Amino acid sequence: MRAVVTVIGKDTVGILHKVSGICSEYNVNVIEVTQSVLQDMFAMIMLVDISAINRDFSELVDRMNNLGSELGLSIHTQHEDIFNSMHSV
Amino acid sequence: MLNVYNILETIRMIQDECLDIRTITMGISLLDCIDTDIDRACEKVYEKIVSRAENLVPVGQKIEKEYGIPIINKRISVTPIAMLAAACPGQNPVKFAKALQKAADTCGVNFIGGYSALVHKGFSAGDRALIESIPEALDITQNICSSVNIGSTKSGINMDAVSLMGKIVRESAERTADRDCIGPAKLVVFCNAVEDNPFMAGAFHGVGEPDCEIHVGVSGPGVVRAALAKYPEASINELADIIKKTAFKITRMGQLVGARASELLGVPFGIVDLSLAPTPAIGDSVAHILEEMGLEQCGTHGTTACLAMLNDAVKKGGVMASSTVGGLSGAFIPVSEDAGMIDAAVAGTLSLEKLEAMTAVCSVGLDMIVVPGDITPETIAAIIADEAAIGMVNSKTTAVRLIPAIGRKEGETLEFGGLLGSGPVMPIKDKSSAKFISRGGRIPAPMQSLKN
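Note that the protein sequences, when read in sequence, are chains G and A.
Quick note on our numbering: the first sequence kicks off at 1 and runs consecutively.
Quick note on our numbering: the second sequence kicks off at 1001 and runs consecutively.
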């Protein structure tokens, strides 16, 4: 089972560190990271493995949302199925 | 690796373009709750609904978190209550409405639909008593929706029922006049009602359906409008293709959510209703899609053609995205629930007559239309008869949800709040239809060949 963490917002120091720190805390393995900075807008998409997650997935979602509010970023944590089903036949 | 563009597109649809799952609706059969003792029947109704739906809201919330997609409503539809009322002659069916309200409160759902009767060919035991109790039921409950089917392509239109519904709609408005006439906003009069509709106020659980199942209604007018806005010079068939592709994506999400809900609740998956359901929120309007196609304002000449194309393209795109499609499936045009429709009605561009024409090519009917407070029951009945005739002849579902604004006239507004929005009082004809309505009887079923 995999999920996608998407971070969009103004670039600041330590975004990747903080997001991956939370992943580690929940025993969520980071599989792949794509990130780009256009002007000073930061966009990162992180594919993570949630099969060994040590708490409920919804707690991870809330935790990421809270981090997003703290940093003034938009952080979405979604099961990968939504993207697979919407964009492939 | 997933495609970055696709991920960002999905997030933009949800965050900026109001994409959501409008409803997951659990259909529950109450046929095994029938009892000659109405109090015992009400207890069984309450127990059955709560036993099946107690996890509906938590499961809905869990799925919202998993996929990051809002699920706006969690609802329940039940067997038409007239069938239960039939076993309890002489009793007030409002007791069932109270039991349903109690079940809605316990389960935390937004609405329970099914305070309904099917009388398209005639009244059976329980039907008349239930219909006559509708104004009281809608007055004393908050989350119960009612519907009455008064016609069908196979059986014609029951004009006695039409006449009765004219009175019921008016009485329901009068009883709730102190609350912006909210009563009739929860009451739909159908022709060709469908048995697996997840949308309110017309949802009920048909007798041909399984004991319990999950339906999903998707929504995404904002997404369709935004997709069209990227192609200002496209021809109409190119627009149709864009709508199909967008509808496919929206419906796939509905299918995913429905399948997941069915798995978590241990209940069979019913249908996905392919509908574009607007809300009063900015950017969530069906009227604005039509305006994006090139109309200065919804309701002007060309509106029916644009809507016909939109409705058809949504179905074509959606059908392939889901294993089982059903319900009403089409674009909804509820006036008070659509910011663009409200503007068009206030400006006078959108009239009752144009709306009637639009309903011939889309789902579902004259919906959430506020009419002057001095409207007579006969005029309401005549509007219902006109709309039912369109459904009957064209073999499609049509419905009427009119709200007589008691004590108000043209130029004034009713404010319902929430998803029901607000509606300007729309003008009606001042000539009487009373003689026609007073005749009663039935309009015979129409020819299904020699169509012209």
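Mixed in with the good hints there might be a few duds.
Below, a list of computed lysine to aspartate or glutamate pairs in the DMTMM-like style, where the Cα atoms sit at most 20 Å apart [claimed, not checked]:
{"hint": "1", "chain 1": "A", "residue 1": "K1098", "chain 2": "A", "residue 2": "E1043"}
{"hint": "2", "chain 1": "A", "residue 1": "K1167", "chain 2": "A", "residue 2": "E1209"}
{"hint": "3", "chain 1": "A", "residue 1": "K1065", "chain 2": "G", "residue 2": "D56"}
{"hint": "4", "chain 1": "A", "residue 1": "K1062", "chain 2": "G", "residue 2": "D40"}
{"hint": "5", "chain 1": "A", "residue 1": "K1154", "chain 2": "A", "residue 2": "D1211"}
{"hint": "6", "chain 1": "A", "residue 1": "K1062", "chain 2": "G", "residue 2": "E32"}
{"hint": "7", "chain 1": "A", "residue 1": "K1044", "chain 2": "A", "residue 2": "E1054"}
{"hint": "8", "chain 1": "A", "residue 1": "K1062", "chain 2": "G", "residue 2": "D11"}
{"hint": "9", "chain 1": "A", "residue 1": "K1167", "chain 2": "A", "residue 2": "D1386"}
{"hint": "10", "chain 1": "A", "residue 1": "K1396", "chain 2": "G", "residue 2": "D62"}
{"hint": "11", "chain 1": "A", "residue 1": "K1044", "chain 2": "G", "residue 2": "E80"}
{"hint": "12", "chain 1": "A", "residue 1": "K1048", "chain 2": "A", "residue 2": "E1209"}
{"hint": "13", "chain 1": "A", "residue 1": "K1065", "chain 2": "G", "residue 2": "E59"}
{"hint": "14", "chain 1": "G", "residue 1": "K10", "chain 2": "A", "residue 2": "E1054"}
{"hint": "15", "chain 1": "A", "residue 1": "K1121", "chain 2": "A", "residue 2": "E1047"}
{"hint": "16", "chain 1": "A", "residue 1": "K1245", "chain 2": "G", "residue 2": "D81"}
{"hint": "17", "chain 1": "A", "residue 1": "K1167", "chain 2": "A", "residue 2": "E1132"}
{"hint": "18", "chain 1": "A", "residue 1": "K1065", "chain 2": "G", "residue 2": "D11"}
{"hint": "19", "chain 1": "A", "residue 1": "K1062", "chain 2": "G", "residue 2": "E70"}
{"hint": "20", "chain 1": "A", "residue 1": "K1095", "chain 2": "A", "residue 2": "D1016"}
{"hint": "21", "chain 1": "A", "residue 1": "K1245", "chain 2": "A", "residue 2": "E1017"}
{"hint": "22", "chain 1": "A", "residue 1": "K1065", "chain 2": "G", "residue 2": "D40"}
The hints are simulated quantities; they were obtained by calculation from the structure and are not laboratory data.
Note that this is a predicted model, so its numbers are computed, not measured.
Problem - Pairwise hint evaluation, D40 of chain G against K1062 of chain A, where the allowed Cα distance is 20 Å at most - result: The hint is violated at about 35 Å.
Practice task
Could you grab the alpha-carbon distance between K1065 of chain A and D40 of chain G and see if it respects the 20 Å cut-off?
Solution key: Violated, at roughly 29 Å.
Exercise for the section: Compare the distance between the alpha carbons of K1098 of chain A and E1043 of chain A with 20 Å, and conclude whether the hinted pair is satisfied. Expected result: Answer holds: K1098 of chain A to E1043 of chain A is near 11 Å, not above 20 Å.
Exercise for the section: Decide if the proposed pair is consistent with the structure: K1065 of chain A and E59 of chain G, CA atoms, cutoff 20 Å inclusive. Expected result: holds, 9 Å
Exercise for the section: Please work out if K1065 of chain A and D11 of chain G have their alpha carbons no farther apart than 20 Å. Expected result: The given pair, whose Cα atoms are some 26 Å apart, is violated under the 20 Å limit.
Practice task
For the pair supplied as a hint, K1095 of chain A and D1016 of chain A, confirm whether the alpha-carbon distance does not exceed 20 Å.
Solution key: Distance ~44 Å between K1095 of chain A and D1016 of chain A Cα, so the pair is violated.
Problem - Pairwise hint evaluation, E70 of chain G against K1062 of chain A, where the allowed Cα distance is 20 Å at most - result: The given pair, whose Cα atoms are some 24 Å apart, is violated under the 20 Å limit.
Handout entry: Restraint check for K1245 of chain A with E1017 of chain A, where alpha carbons must lie at most 20 Å apart
Key = holds, 16 Å
Exercise for the section: For the pair supplied as a hint, K1154 of chain A and D1211 of chain A, confirm whether the alpha-carbon distance does not exceed 20 Å. Expected result: violated, 26 Å
Exercise for the section: Quickly compare the C-alpha distance for K1167 of chain A and E1132 of chain A to 20 Å and report which way the hint goes. Expected result: holds, 9 Å
Problem - K1062 of chain A paired with D11 of chain G [C-alpha distance capped at 20 Å] - result: violated, 31 Å
Problem - Holds or violated: K1167 of chain A to E1209 of chain A, with C-alpha atoms at most 20 Å apart - result: violated, 31 Å
Going down the numbered hints, you'll see the structure goes against 2, 4, 5, 6, 8, 10, 11, 14, 15, 18, 19, 20, 22, while the others check out.
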